[in-house]
Each structure stands twice: as structure tokens, then as C-alpha cells.
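Grab the two chains, each in its own frame, and use the hints to assemble them into the complex.
These protein sequence lines are chains A and B, in that order. Quick note: to get the numbering used here, add 3 to the position in the first sequence (first position is 1). Quick note: to get the numbering used here, add 2 to the position in the second sequence (first position is 1).
Honestly, the hints are just simulated from the structure, not real lab data. If you're wondering where the values come from, they're calculated on a predicted model, not measured in any experiment. Each residue gets a CB set at the ideal place from its N, CA and C atoms; glycine is no exception. You may find that some hints are simply not true.
What the hints assert, rightly or not - Stretches of chain B that chain A covers, calculated by requiring three or more beta carbons in the stretch to come under 8 Å of a beta carbon on chain A: (1) 46-55; (2) 121-131; (3) 136-144.
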Amino acid sequence: MLDYDETLARALDELLSRGDHRPDWGGVLRDAQRGWGRIISPRSPRRRLATLAAGAAIALLIPLTSLAVGEHWWFFSSPIAAPTPVGDVVVVRSGVLEGTPWVLTAYRTSDQGLCVAFAPNASTSEPESTPTTNSSSTVLSCGASVSGLPHADAQPGGPHELGFVESASTGGEMIGGPTAADVAQVKIVRTAGSPLTVDTFAAPAALDAPLHFFVAELGAGDTVQAVQALDNSGQVLETLTISTP
Amino acid sequence: MSRDTRLDLIEDVYRRRYDAFVRTAAAIANSREAGRDAVHDAFVTAIRHRHTYRGDGTIEAWLWRVVTRSASKRRQAKVEGVSTDDVQDVIWVESRLDVDDDLRVGVMSLPPRQRLLLFLRYYGDLDYRTIARVTGVQVGTVGAELHAAQRSLRRYLEEVTHHA
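This is chain B alone, in the form it adopts within the complex (with noise of 0.2 Å):
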């Protein structure tokens, strides 16, 4: 594969991914703007290092790897001592602000790896195989761990429900 075909490639899926990357970067960065800089940083690091991409899966699971990747650098983990500006740009927090929050609350205190792989099947609509390949888990552990996080992530929803 030319190095051409693989730019063409790389830009047919940041346009049509685009906003599945986004979200998907913001939701591991913790900020949507660290998020959208997350995904522009990862594409010129892709674009700059196509010739890596070897062949092996496809170059949109490449990418998904490179963009996690550059969202995990900016991860912003914790909502106090920030700025007002900032607070309305964190989207999880690890204390509740009022009742709407549990659901913020309860995606935090998911293990990383559960929280990882929940917004890349939430926010990057991508199947357990391109999960597996994303993040080197098992096709297995995948589902497993998805399964436990979204069971934890009810009971959030449920205490949400009970105190309307």
C-alpha cells in the first residue's frame, strides 16, 4: 500500500469518524476540548507515521489505537481546583454535584479499563473485535468487562430514576 492510498485512507476515516472520535477522545481526556485537540494531535501523528501502519487489522482500528492513545495524555482526572470555565468543560466527576451527576459520578469510579472500553463502545460505536484490536484485550474480556461496567453504570441510572 502506497503511502498516498494510506493518506487517502487515513482521510476517508477522519471524515466519516470524525465526531465518533471526538466524543470517544473527549470522554477518555475528560474535557471536550482536550478531546478535539486529542484527535487533531493523533491524526497529524498518524499521517506523519503511515508508513507504521503495517497491515495487520485495518487502518481504522490503527487509528482508533493512535487516538486513544493521545486522549489518554491528556486525561484530566480530577474536577476540584479547577477553574469555573473549566468545570463546565469536565464531563465525569468523582463527587456529586446534585443528583444528575450520578451518572458522571458512576463512569468514574469505573475501573480505567471498563471506562476505556465503555466509550469506545458508546462514543466510538465500534464492535468487540475493533474493542480487542483497539486495546490488545481479549475479544472475551472485552465483553466481560463491558457487561460489569454497564451493570454497575444501571445502578447509577436506577438511583437517578428513584430520586425523580
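Chain A with its partners taken away, still in its complex shape (with noise of 0.2 Å):
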């Protein structure tokens, strides 16, 4: 049995009227993509895509008002449950963009893989710290399939030169990621303006991982249509294409 009372049904429908709202299923399909890396090879598009859908197998992208006080970091208390780390959080590189501070974060886990966090606003010295305002976007990504990593070869495609996630923030765009150990620098290529060409660091020993990384600060509406991996001498080891939405 159903109990409907029509008369509360009408008195709730005034307070919030039906047919009143327009739904945008282009703009949800656009931000679901920006998270996870939209790559396309030239050669087999659809493969690719679905090696870095494999690559970024847990994305999320939280409003940052959502983000948890008191509960560590963001992710763990995200709607779905990131991935269960193996050893310490490890804070990659912290900045500060246009006057918000940004965090990139990476930790390892026993099935998978490296995961990689983008948290734009928040505080380094306190993880569980809460950004403040709610125009920026958290992403966390998980799953690369990058040389050095283990089991990295057993994916799909892979093993890739990197991996990467964009995160979009008030003062601009960053990107960032894991690299293998034997690219220097990373090579940013933008649907407009100059390439940026940013080297890579090691990762931080606590992460123990033989890996490299790199982080790019893009100006706000930005948009990433390559990135490179390049070798000491300039070489492109691997170019990763993403497509526009």
C-alpha cells in the first residue's frame, strides 16, 4: 500500500513547482570528462580512451564546500570511497595560484596502483583542513599505468612516459601527474598561446615510488589539447592527445 496524501502533495508542490527546471546534459558530460584525462591516440581512439579511463579509474570532482573537516583528507570522505592507501598520504607540491592555494597529493594502494590528488585552496600544513570558497573543484585519479609503477605493463596500452589530472580552481587550471623516472620535462601544449614546458621532479622519498612528477599552473580557461613527455635530450617519448569535449 501506498500512502499519498494528495492534499500535502499539492500545499509541497507550491513551495517547489514542478516543470520549473531545465536539464544540461551537455555541461555534465563536459566536466565529467575534464577530470579524468580525455585522450585520444591518432591511431585507435576508443583504446585509448578507455586505457585512461583505466588509468584514472577512481576521478572524483567535489565542490570544495563538500569537503570533510576533521576526517583527513578530502577524498576518504568523498561519496565514493577512494581507494585504501598503502603507507602515508604524500604531499607532491604545494602552491599557491593567483592567491589560492593548491596541494597535489599521492599515495600508493595495494590494488590500485598510484593515486593522484588535486585539491586547489587547501592547506598543506593541516590535511584535514576545509578550502573556503565552493568555485573550485578537487580530483582525485587513480590507477596510472606509468612505467616504474608495479603491474603498470599488465594495463591496457600500457605502460605510458605519464599520467596526469587537471583541476580547475577561482585563479586558473592546473595540471599535473606522474611521470617514469627518465622524462625531464613535460611539454604542455594549449589550444591557445605558447607550449609550456615545465622539468619534472623526483618524488618524494616517503612516496617510494621510482618516479618523477610534474605540476603546470594554466591560466583560468585554458584549455590542454597535449602533453608531452621529453627526454634529457628533448626527445618525445610519449604524446598524449586530449580531445575537446
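Quick look at the structure:
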């Protein structure tokens, strides 16, 4: 038996009327795509997309207002639980972009490889601190099949020379992620403006992984077209092309 | 079930039930704007995590779970201390502003679980079984809690009629 009170239903409808809302599926798809590296290979687009989907098997984009206070890192209290870490969550690098602090963290897991997370506007001194703006978003990506990581070659299409996550904040956008140890620089090709080349740096010892990382600050509205891994001589080791939503 | 099949199913549910999702999320978040944002965020999360849907229960019930969690995080509980513009966006109030606010006060005075069940029933148009799946509450408990919530709210509606 379904107990349904028509009078009550009408009264509630008056407070929140029907049919006032228009769906925006395109916007949902665009935002869903932003966080997990929209990678397409010229040779086999679908396969490479699947590879990177696997490489970012757990990708969360959470409004910063939803970050938990007092529950350690935000990704452990997100709507869908992040993989359990083996060892500590390590702060790889932090900085300030247009007045907005950001932090790139990473941790190892027993079954999901490496997890990498961006949290703009988060304090690095207090892991449980809550960012203060609601116009930024955080992203967690796990399972990147980067050379040097255990079982990286077991991933379809893997291993890669690099993996990456992007994150938008009030001050602009960030891109960063792990690379193989032989990657000396990463070149970020944008749809507008000149390419941006950044040096990689060794992973913190606490991570206990033979990797390098890169981080780049992008301007607000910058769209990344491709990311290239370069060796010491400037030779391109791999190019990951990013599809436009 | 392949990922793309899941994406198609998610899109179908989104387009078909969008209005119900937003109304329910707005009721939970106590803000129309936050409700729209919560639904948007929930479906972004759902698309990214569609591989975690294991097929135990309908995908619509799974999506309702994601939406209710997203909306709960955005809930604005108090009308006090917000700007005039914000007051217009707030749906439920804790104290009476005028006689027409009896139902708004009544909803806010319900225990949180009854309030959630009520929103899923009336704004989400969900049956008891689906509500039970979404909330993790036994079907019998859903019925009992909804019955109690409706009884409380009828009293507030009678007050409105009496004052009128």
C-alpha cells in the first residue's frame, strides 16, 4: 500500500513547483570529462580512451564546500570512497595560484596503483583543513599505468611515460601528475598561446616509488590540447592528445 | 553491462527524471540553486564512477543515492543570518515568517530521516521499495516513518486552514 496524501502533495508542490528546471546533459558530460584526462590516440581513439579511463579509474570532482572537516584528506570522505592507501598520503607539491593555495598529493594502494589528487585552496599544513571557496573543484585519479609502477605493463595500452590530472580553481587551472623516471620535462600544448614546458622532479622519498612528477599552472580558461613527455635531450617519449569535449 | 551502455542509461534517467531530481535535491539542500548544483555534481560523479554500479538494484535507485548524498552535503539548515536574496532561495524555515509558513516550519521540524523520506516520496515520486533502496532503510520502516511525517504535516496544514 502506498500512503500518498494528495492535499499534502499539492501544498508541497506550491513550495517547489514542477517543470521549472531545464536539464543540461552537455554540461554534465563536459564536467565529467574534465577530470580524467580526455586522451585520444590518433591510431586507436577508443582504445586509448579506455586505457586512460583505466588509468584514472577513480576520478572524483567534488565541490570544495563538500570537503570534510576533521576526517583527514577530503578523498576519504567523498561520496564514493577512495582506494585504501598503503603507507601515508604524501604531499608532492603545493603552491599558490592567483592567490589560491593548491596541493598535489599522492599515495600508493595495494590494488589500484598510484592515486594522485589535486585540491586547490587547501592547506598543506593541516590535511583535514577545509578550503573556503565553492567555485573550485578537487580531483582524485587512481590507477595510472606509468612506467616504474608495479603492474603498469598489465594495463591495456600501458605502460605510459606519464599520467595527469587537471583541476580548476578560482584562480586558474592546474595540471600535474606522475611520469616515468626518464622523463625530464613535460610540454603542455594549449589551444591558445605558446606551449608550456616544465621540468619534472623526483617523487618524495616517502612515496617510495621510482617516479618523477610534474605540475603546471595554467591560466583561467586555458584548454590543454596535448601533453608530451620529453627526455634529457628533448626527444619526445610520448604524446597524449586530449580530445575537446 | 558496458560502460557506454551505462552512460546511455544514466542519460536516459537524467533526461526523464531531471525535474524530480532537482526538486528533491533542492528540498534536501534547502536551496533551489544548491539543488540544481547538487544534481549536476551528482551526475558528473555518477558518469565518472559508472563502473562501480554493480547492477544490484536499478541504476535509477543508484543515481538517486548519488543525488541525495550530493544534496545532503549542500544543505543549508538555517534561514537566520543570510541575505535577502538568499532568503528567497531558501525553501524551509525554522521559525514562522507569516501564517503561510506553517508547512515550511512543519517540514523543518520533522526528524531528518522523515524529512528525507518525505522528499523522496513527494518530490521524487518514488515508491516505498525504491526509497528503501536509496536510503538503506527497511521498506516497513519507510512506510511507518512516512505515515508519521504526513500525520505531523497535516496538523500544520490544518493550522493554515484554521488561520485562513
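Consistency of the hints with the structure:
As drawn, the stretch 46-55 of chain B meets chain A at 7 residues by the rule of a beta-carbon pair under 8 Å; at three or more, the given contact holds. Check result for the stretch 121-131 of chain B against chain A: holds, 5 residues qualifying (beta carbon to beta carbon below 8 Å, three or more required). Taking a C-beta to C-beta cut-off of 8 Å, the stretch 136-144 of chain B contributes 0 residues in contact with chain A, too few for the three needed, and the coverage statement is violated.
Of the numbered hints given earlier, the model fails hint 3 alone.
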